[in-house]
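K.L.:
Those protein sequences? They're chains A and B, same order as listed.
For any residue, its number in this note's numbering is found by taking its place in the first sequence, counting from 1, and adding 5.
For any residue, its number in this note's numbering is found by taking its place in the second sequence, counting from 1, and adding 5.
The hints are simulated quantities; they were obtained by calculation from the structure and are not laboratory data.
A couple of the hints might just be wrong.
Identical copies look the same in the list; a pair holds intra-copy or inter-copy alike.
Unchecked claim - DSS-like, lysine-lysine: derived pairs with alpha carbons at most 30 Å apart:
| hint | residue 1 | residue 2 |
| --- | --- | --- |
| 1 | Lys395 | Lys297 |
| 2 | Lys389 | Lys278 |
| 3 | Lys246 | Lys97 |
| 4 | Lys278 | Lys497 |
| 5 | Lys129 | Lys395 |
| 6 | Lys297 | Lys417 |
| 7 | Lys397 | Lys246 |
| 8 | Lys391 | Lys278 |
| 9 | Lys278 | Lys397 |
| 10 | Lys297 | Lys129 |
| 11 | Lys323 | Lys417 |
| 12 | Lys420 | Lys60 |
| 13 | Lys278 | Lys395 |
| 14 | Lys97 | Lys452 |
| 15 | Lys496 | Lys97 |
| 16 | Lys391 | Lys310 |
| 17 | Lys32 | Lys310 |
| 18 | Lys424 | Lys323 |
| 19 | Lys323 | Lys389 |
| 20 | Lys97 | Lys420 |
| 21 | Lys97 | Lys129 |
| 22 | Lys391 | Lys417 |
Protein chains: 2
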Amino acid sequence: MMNLPVLLCILLVISTVQAFQYMELVKYVDSHQEQYVETLRDWVAVESDSSNILKRPELHRMMEMVAQKLRRMGGTVELVDIGEQELPDGQKLLLPKVVTAQFGANQSKNTVCIYGHVDVQPAKLEDGWATDPYNLTDISGNLYGRGASDNKAPVLAWIHAVEAYQNLNMELPVNVKFVIEGMEETGSNGLDAMILAQRDTFFSDVEYIIISDCGWLSRRPALTYGTRGNCYFFAEVEGPKQDLHSGVYGGTVIEPMTDLIGILDTLISPSGKILVPGIREAVAPLTDEEWKLYQDIQFDMDSYKNKIGISQLMYSNKVDLLAHMWRYPTVSIHGIEGAFSDPGTKTVIPAKVTAKFSIRQVPNMDPALVKRQVTDYLYSVFAKRKSPNKLKVTMVIGAKPWLAETEHPLYKAGKAAVKRVFDMDPDLIREGGTIPIARTFQDVTGKSIIMMPIGGFDDGLHSQNEKISRYNYVEGTKLFIAYLYEVSFIKKTTV
Amino acid sequence: MMNLPVLLCILLVISTVQAFQYMELVKYVDSHQEQYVETLRDWVAVESDSSNILKRPELHRMMEMVAQKLRRMGGTVELVDIGEQELPDGQKLLLPKVVTAQFGANQSKNTVCIYGHVDVQPAKLEDGWATDPYNLTDISGNLYGRGASDNKAPVLAWIHAVEAYQNLNMELPVNVKFVIEGMEETGSNGLDAMILAQRDTFFSDVEYIIISDCGWLSRRPALTYGTRGNCYFFAEVEGPKQDLHSGVYGGTVIEPMTDLIGILDTLISPSGKILVPGIREAVAPLTDEEWKLYQDIQFDMDSYKNKIGISQLMYSNKVDLLAHMWRYPTVSIHGIEGAFSDPGTKTVIPAKVTAKFSIRQVPNMDPALVKRQVTDYLYSVFAKRKSPNKLKVTMVIGAKPWLAETEHPLYKAGKAAVKRVFDMDPDLIREGGTIPIARTFQDVTGKSIIMMPIGGFDDGLHSQNEKISRYNYVEGTKLFIAYLYEVSFIKKTTV
Numbered sequence: 006m007m008n009l010p011v012l013l014c015i016l017l018v019i020s021t022v023q024a025f026q027y028m029e030l031v032k033y034v035d036s037h038q039e040q041y042v043e044t045l046r047d048w049v050a051v052e053s054d055s056s057n058i059l060k061r062p063e064l065h066r067m068m069e070m071v072a073q074k075l076r077r078m079g080g081t082v083e084l085v086d087i088g089e090q091e092l093p094d095g096q097k098l099l100l101p102k103v104v105t106a107q108f109g110a111n112q113s114k115n116t117v118c119i120y121g122h123v124d125v126q127p128a129k130l131e132d133g134w135a136t137d138p139y140n141l142t143d144i145s146g147n148l149y150g151r152g153a154s155d156n157k158a159p160v161l162a163w164i165h166a167v168e169a170y171q172n173l174n175m176e177l178p179v180n181v182k183f184v185i186e187g188m189e190e191t192g193s194n195g196l197d198a199m200i201l202a203q204r205d206t207f208f209s210d211v212e213y214i215i216i217s218d219c220g221w222l223s224r225r226p227a228l229t230y231g232t233r234g235n236c237y238f239f240a241e242v243e244g245p246k247q248d249l250h251s252g253v254y255g256g257t258v259i260e261p262m263t264d265l266i267g268i269l270d271t272l273i274s275p276s277g278k279i280l281v282p283g284i285r286e287a288v289a290p291l292t293d294e295e296w297k298l299y300q301d302i303q304f305d306m307d308s309y310k311n312k313i314g315i316s317q318l319m320y321s322n323k324v325d326l327l328a329h330m331w332r333y334p335t336v337s338i339h340g341i342e343g344a345f346s347d348p349g350t351k352t353v354i355p356a357k358v359t360a361k362f363s364i365r366q367v368p369n370m371d372p373a374l375v376k377r378q379v380t381d382y383l384y385s386v387f388a389k390r391k392s393p394n395k396l397k398v399t400m401v402i403g404a405k406p407w408l409a410e411t412e413h414p415l416y417k418a419g420k421a422a423v424k425r426v427f428d429m430d431p432d433l434i435r436e437g438g439t440i441p442i443a444r445t446f447q448d449v450t451g452k453s454i455i456m457m458p459i460g461g462f463d464d465g466l467h468s469q470n471e472k473i474s475r476y477n478y479v480e481g482t483k484l485f486i487a488y489l490y491e492v493s494f495i496k497k498t499t500v
Numbered sequence: 006m007m008n009l010p011v012l013l014c015i016l017l018v019i020s021t022v023q024a025f026q027y028m029e030l031v032k033y034v035d036s037h038q039e040q041y042v043e044t045l046r047d048w049v050a051v052e053s054d055s056s057n058i059l060k061r062p063e064l065h066r067m068m069e070m071v072a073q074k075l076r077r078m079g080g081t082v083e084l085v086d087i088g089e090q091e092l093p094d095g096q097k098l099l100l101p102k103v104v105t106a107q108f109g110a111n112q113s114k115n116t117v118c119i120y121g122h123v124d125v126q127p128a129k130l131e132d133g134w135a136t137d138p139y140n141l142t143d144i145s146g147n148l149y150g151r152g153a154s155d156n157k158a159p160v161l162a163w164i165h166a167v168e169a170y171q172n173l174n175m176e177l178p179v180n181v182k183f184v185i186e187g188m189e190e191t192g193s194n195g196l197d198a199m200i201l202a203q204r205d206t207f208f209s210d211v212e213y214i215i216i217s218d219c220g221w222l223s224r225r226p227a228l229t230y231g232t233r234g235n236c237y238f239f240a241e242v243e244g245p246k247q248d249l250h251s252g253v254y255g256g257t258v259i260e261p262m263t264d265l266i267g268i269l270d271t272l273i274s275p276s277g278k279i280l281v282p283g284i285r286e287a288v289a290p291l292t293d294e295e296w297k298l299y300q301d302i303q304f305d306m307d308s309y310k311n312k313i314g315i316s317q318l319m320y321s322n323k324v325d326l327l328a329h330m331w332r333y334p335t336v337s338i339h340g341i342e343g344a345f346s347d348p349g350t351k352t353v354i355p356a357k358v359t360a361k362f363s364i365r366q367v368p369n370m371d372p373a374l375v376k377r378q379v380t381d382y383l384y385s386v387f388a389k390r391k392s393p394n395k396l397k398v399t400m401v402i403g404a405k406p407w408l409a410e411t412e413h414p415l416y417k418a419g420k421a422a423v424k425r426v427f428d429m430d431p432d433l434i435r436e437g438g439t440i441p442i443a444r445t446f447q448d449v450t451g452k453s454i455i456m457m458p459i460g461g462f463d464d465g466l467h468s469q470n471e472k473i474s475r476y477n478y479v480e481g482t483k484l485f486i487a488y489l490y491e492v493s494f495i496k497k498t499t500v
């Protein structure tokens, strides 16, 4: 039996060795910053917009680039065929392959699987970007470009974390797997089936799944333990067989736009209340614990207002605002396809107009029920108008919310990693956005999941001038390096 | 003193000579049909979209082409500088020059001035065109292309009418002037001032103004004696300083789209009734004479419905329908700029959205008053929402309606020309669309105006697959030839 001083001595040696290794890794990361930025530049240059079918070749190219990068690092890499998607007109389009990779297969170590995506939201210079969205531009340490923060830099940070261990000839503390997809921004088409298919193969030895597809709430690092889901709807009103001159025909036909505006206006009250019957009733009530947690979170209402650039938020106190950001549903009307949307004037009666709107999902809402509630409601509202036009409501995305246990060892390891890199405790936050795959991973594989963001609170995801700061990108890489180390200490039995 | 038989004989000879000349002209036109189509092809190929500032160079080129064509025919041609337009951002952009031309200056003859425009509405293949909108395509005798009917073919038909007289060495029965502009589709910016400036020069010897910027109501030729005006509005709601991710921010901000949809929905009732207070009260009541006239017009409700492709019109009897097409106001919502309008899904909260809508004007509405009624109403509706967003309502086009006297000699000459070419009486119709310049010509120059359309009832102006048929283009050219002859008989004193 070992006596206490000897044990302490051994522990000290281990601790010193580990601390030393970390500093080596930090030095490596700092000295490779420019290379990291250049690789991000190459990735951002690929217009991998998954919502635009015309850009599909770029998306395929993007997946190849990811695979190549991982192959060069010696990973066991596969490009997994996930089939085709059916377009509204019945045509079939090849989905971008999913990249899987594996580094290490030591059965005595934990195995983590990092999920990320390399497709992006649409972006055009004319939308109001200050720089070309597909040309990564460094302005005062911020790297502007579509997909920079969502989600290309975080994916690269994970890859670079593994690479740092490799290039310093340090053994990886855990086995690392990657699942990188290219359809996240449009609902991860095909990924659910792929996960299900590989549940007992690729995912069988995975203990933990790590997702870094979100952002901090402030300048303080954060761990995310919940996300909202999303039900995305198309409401199409079709009238004349083609667009009509509003002078020549105006006054003789009930215009589809009038009908569409009319039904959209019944979705939300002026103060933002959802008017679709049954939606709000399903929401889990706010608990005292949540109230307390929100109350303690570092969140400055004024800086949030300034960031958005508005004079008044929907709620004037922090807890209400955070609750409505994270754990209450909301409706957004994104736009209308088929109507006149260019600058200038056009005197047209659009023949077919399709509104796009979505309802964020929270526990205990059920997308299948929401679909029925919304469609039933809109059809009944439309019927009252007695219009000769035709309404078609479809739900094109139905993603569930996700919620984790913050006392899980995964989160404890996360807190330790944040402490090591940033010398502070992370905020425990939720995410208003949707990472549907978290819920799928949980439901299908039964594995525990942690969300560990490195994106800044002001990165402008999905909007103009998306960016990630060099600070978040580089320190984020260090965080991931530290996390691979911390997560190795979780006993395999805790799975 | 001449005796009766001699007089009759002389009259017979004159009549025979004239009839012979007309048949020569008809033969000339028929044998030049392919050249007419080719010239139209050249003109349609120019993307002279006046609403898109990026196409302005094309518009300038179009005006040069018109001037060159008229110069080659020996006309006295000028390209009149009408200054600049100010864009919403304060930038200045050169307006397309106005082409004026003169053929003949015989003081004993009447002088007519033909007005037309060669700018077009926007058109993109993706909007649902079956053919490239800027490549004139002949399908079964219909010539498809943007601007084919509105208004390039009618302008060319007038030019070819003059050219036919010239090339057959026949004296023009009247002096002919042209005023061809390039800003009609966006409100004839700069033309009013030009007409005012040249009232006592170019326009001083003009007796009659002829406009062929409209279409027939059915397969029967028509003369148009009235048009609706148009007040075109932008309603801009501005909130956050940039677009936001609807997941991340949804629930914390009052979204501009919600506000915009809310105020748009207060413009029109589901049955098409204008809800802006005061608008309907200004409209002149339908007279018994009008009722009788409409009752007699050849108009088939079923073929109108089929053409549009809808199951039910806003009114089920002919008189109500024609009245609402021609002499009642109507509101059309054309679209929204700044929101998501592409195919696919985007989870965005648009930061600034601008609705485009217009209200057709009829006697006795006053655009200045309508502007006040609409803006006051929308601001008051918006105020009730207590939104932190900002609303800005602007009227960007304010065009008055126009109405002519159908018993005027100009119209009698028109009836005679139609009779000669088509062997039938024309319908006397009004136009739901707007030709604001008619009203300006009337107000500024005091000249009498006739609208003599040659476009088909199903030409699809302002919509996809605009076309003119070879029949209307060619027979229309003959109609103009005949009209130049008929109008020469109006006594100069009737002006």
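K.L.:
Hint by hint, note whether the structure agrees.
P.N.:
Taking the hints in turn, this is what the structure says about them:
no.: 1; hint: Lys395 with Lys297; in the structure: neither (49 Å within a copy, 35 Å between copies)
no.: 2; hint: Lys389 with Lys278; in the structure: both (22 Å within a copy, 16 Å between copies)
no.: 3; hint: Lys246 with Lys97; in the structure: within (25 Å within a copy, 39 Å between copies)
no.: 4; hint: Lys278 with Lys497; in the structure: neither (46 Å within a copy, 70 Å between copies)
no.: 5; hint: Lys129 with Lys395; in the structure: between (32 Å within a copy, 25 Å between copies)
no.: 6; hint: Lys297 with Lys417; in the structure: within (20 Å within a copy, 86 Å between copies)
no.: 7; hint: Lys397 with Lys246; in the structure: within (16 Å within a copy, 33 Å between copies)
no.: 8; hint: Lys391 with Lys278; in the structure: both (26 Å within a copy, 14 Å between copies)
no.: 9; hint: Lys278 with Lys397; in the structure: both (24 Å within a copy, 24 Å between copies)
no.: 10; hint: Lys297 with Lys129; in the structure: neither (42 Å within a copy, 56 Å between copies)
no.: 11; hint: Lys323 with Lys417; in the structure: within (26 Å within a copy, 77 Å between copies)
no.: 12; hint: Lys420 with Lys60; in the structure: neither (40 Å within a copy, 57 Å between copies)
no.: 13; hint: Lys278 with Lys395; in the structure: both (27 Å within a copy, 20 Å between copies)
no.: 14; hint: Lys97 with Lys452; in the structure: neither (33 Å within a copy, 62 Å between copies)
no.: 15; hint: Lys496 with Lys97; in the structure: neither (46 Å within a copy, 70 Å between copies)
no.: 16; hint: Lys391 with Lys310; in the structure: between (43 Å within a copy, 18 Å between copies)
no.: 17; hint: Lys32 with Lys310; in the structure: neither (37 Å within a copy, 75 Å between copies)
no.: 18; hint: Lys424 with Lys323; in the structure: within (25 Å within a copy, 79 Å between copies)
no.: 19; hint: Lys323 with Lys389; in the structure: between (40 Å within a copy, 26 Å between copies)
no.: 20; hint: Lys97 with Lys420; in the structure: neither (45 Å within a copy, 58 Å between copies)
no.: 21; hint: Lys97 with Lys129; in the structure: both (26 Å within a copy, 24 Å between copies)
no.: 22; hint: Lys391 with Lys417; in the structure: neither (59 Å within a copy, 45 Å between copies)
In the structure shown, a violation is registered for the earlier hints numbered 1, 4, 10, 12, 14, 15, 17, 20 and 22, in ascending order.
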